[in-house]
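As a plain string of letters, each chain reads:
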Amino acid sequence: MTTNDALLSVENLVVEYPVGRGRKVHAVSDVSFDVQAGETLGVVGESGCGKSTAGKAIVQLPRPTSGSVLFEGTDLVKLDGDQLRRFRPRLQMIFQDPVSSLNPRRRVEDIVGDPLSVWSAELESSVASKQERKAKVAEVLEAVGLDPVSAAGRRPHEFSGGQCQRISIARALVLEPKVLICDEPVSALDVSIQAQIINLLEAMKARFSLTLVFISHDLAVVRNISDRVAVMYLGKLCELAPSDVLYRTPAHPYTAALLASIPEPDPAIVPSTTGRLTGELPSSIDPPSGCRFRTRCPRAEERCAAEEPVLREVATGQRVACHFPLVEARPAAPANVASQQSA
Amino acid sequence: MSRGHTTAGHEYPEIPAETLLTVEDLRTTFDTPRGKLTAVDGVSFELEAGRTLGVVGESGSGKTVLSRSVMRLLPKRGATSTGRVRFNGHEMVGLTQKQLRGIWGTELAMVFQDPMTSLNPTMRIGNQITESLRYHLGMSSSEATEHAVVLLSSVGIPTPERRLHDYPHQLSGGLRQRVTIAIALACGPRLLFADEPTTALDVTVQAQILDLLAAQQRERSMAMILVTHDLGVVAGRTDDIAVMYGGKIVEQAPTKTLFAEMRMPYTEALLGSIPRADQPSHTPLQAIPGRPPDLVSPPPGCRFAPRCPYAQPRCRHEEPPLREAPTKGHRFACWFPVGTPEGRQALEENRVRGVALDPARSVTT
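Those protein sequence lines, which keep their order, are chains A and B. Take the first sequence: its position 320, counted from the start at 1, is 319 in numbering that gives the first Met the number 0, and no numbers get skipped. Take the second sequence: its position 282, counted from the start at 1, is 281 in numbering that gives the first Met the number 0, and no numbers get skipped.
Where hints are given, some of them may not hold.
[As the list claims (entries may be wrong)] Simulated coverage check for chain B against chain A, where a stretch passes if three residues somewhere in it have a Cβ under 8 Å from a Cβ of chain A: (1) 42-55; (2) 85-99; (3) 162-176; (4) 272-283; (5) 335-348.
These aren't lab readings, by the way, just hints derived from the structure by calculation. A virtual CB, placed ideally from N, CA and C, is assigned to each residue, including glycine.
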């Protein structure tokens, strides 16, 4: 499944949290995917699907329960603290709430410049002198669209949400990372500002040759920025496909339901209530047997409760974990009958 | 769909539509350490019974303060609000708190953005719903409980009898927002304010909640003001849309007209900044450069001019009035409107001159 030339390979990742009395939250259950150098992988799903946990597990915050995270061939899970430190500058993260992810008491030049001092031993190109550090900070601030002269001495509260997100991006980029994990970076922003930040991430990706993992619940945003998209539901990977394929011909019923809920900015399109998800997300302490989506799935049958579907390829590059995927349905016979026969 | 239902009133002129809400020259200012901040600056509009108005704008455009000023839900100190708000026969400006309490809930209700903080965490769901039924409608405890069960099932909460005994933390965000809607609808208001009702929710839940609001609005022939920053949310679900910028309405039109014949460059820019799921990946988004104006000292002339690709010298000195467009019910405030010869010429001139609007634009586009 995983090719060796992938920059980042996540294999059989499991993250569980104990919640007392021997029970545990199955936040991420046996998820595998890889990220090629220079691509943007989008990760979508509702709240509680494990997308942020998966993103954090990649940078070993906290370390996953089991599974491996291969970065340029090295398994980060197996490294001890000192060894892991050497890799940290190359995997950076930006978070959802730009205001609370910046220390309100510090100046922008320190927020952005500190990583250089903290990681001075680990960095390939060390930034020795104060002047060099200052120049580097100014360079990234300029790159993210802030005026280094006026911004450097100010504190986060003097900036708007969009500008704070620019500062977070600058702080991540100052270390010249290879991989940037973006956890809902635009969810807290207005649409107009959201567009600025997405365009900025695209520009930064090109300028610093980044590889992005872009986590979001907003499918339209994910489609715009991603080359491939992974859809998660209740800790499981449902579907993984090139974004244009995924949005044109979704194979998993959950993907189709997600796409049906995107609000269209066009009054000619009357919101249809068909294809809407009903019911609530089941508990991740005691997830449904078999396919975890079966309790809300319009196509679910007995087999879905008994047997867990494995991720398999249904079209070029499109992999889906479903017994009755939408792309295999034969038009002549009712979909479920057809797939039962083939199964 | 609400539109088919509500526009029926216009096709039969013998039943004149009743004006439920009239707002005239509403102006709300806050005292801040830096000076007076005018959050709502001379807003006027009307809303007929049973219709849905979308109020759209970025953070800081004054859309939330507008809805709170209409409801008279402003802080007692530091806020001044003048103008005329006539709702369902009441002159809202100047009413005492006691008089307002008789209107809130029964005639005028609100659903807030964050269902986590708008419910009382220490009270059971049932008590939070029956409270207003008993207070406003004088129901007995058992009557109120019965009615609460009906309300909870009408907003799509499964096993409502059991849910009455739950505390808010036992419910998901989507269910909690359903509960706040049930509370708002409890006494059968004639106008419901929904202030970013789905911003804190997932896309799938957002669709469910918007469907629910539309269904309830149709069933109860209640008017609704849907406040949001997302044009996508209001596109298919409102009769009219008012776009706000810098505390003013800059364009207002029936929804279809607004999307088909938008005149205000800000409306165009807002629509252009939305990523569309039907566009291929990596389509560059048309971000609006810069950020909204500082309402303590707004720029002279048109407030959108510093961010506007159409802006000409006139825009920076002379404020455009809100004027009528050829289509009925369409108003806009712009000297060089989108889709007109003047607008096209202004855009072309700016392009030729290579006007750099903002440092952010050169980076982001």
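The hints, checked one at a time:
1. Counting residues of the stretch 42-55 of chain B whose beta carbon lies closer than 8 Å to any beta carbon of chain A gives 0, which falls below the threshold of three, so the coverage claim is violated.
2. With a cut-off of 8 Å between beta carbons, the stretch 85-99 of chain B has 0 residues touching chain A; three or more are needed, and the interface restraint is violated.
3. By the rule of at least three residues with a Cβ nearer than 8 Å to a Cβ of chain A, the coverage given for the stretch 162-176 of chain B holds, with 4 such residues.
4. A stretch counts as covered by a chain when three or more of its residues have a beta carbon under 8 Å from one of that chain; for the stretch 272-283 of chain B and chain A the count is 12, and the coverage holds.
5. With 0 residues carrying a beta carbon less than 8 Å from a beta carbon of chain A, the stretch 335-348 of chain B misses the three-residue requirement, and the given coverage is violated.
Hint compliance for this structure: hints 1, 2, 5 are not met, and every other hint is.
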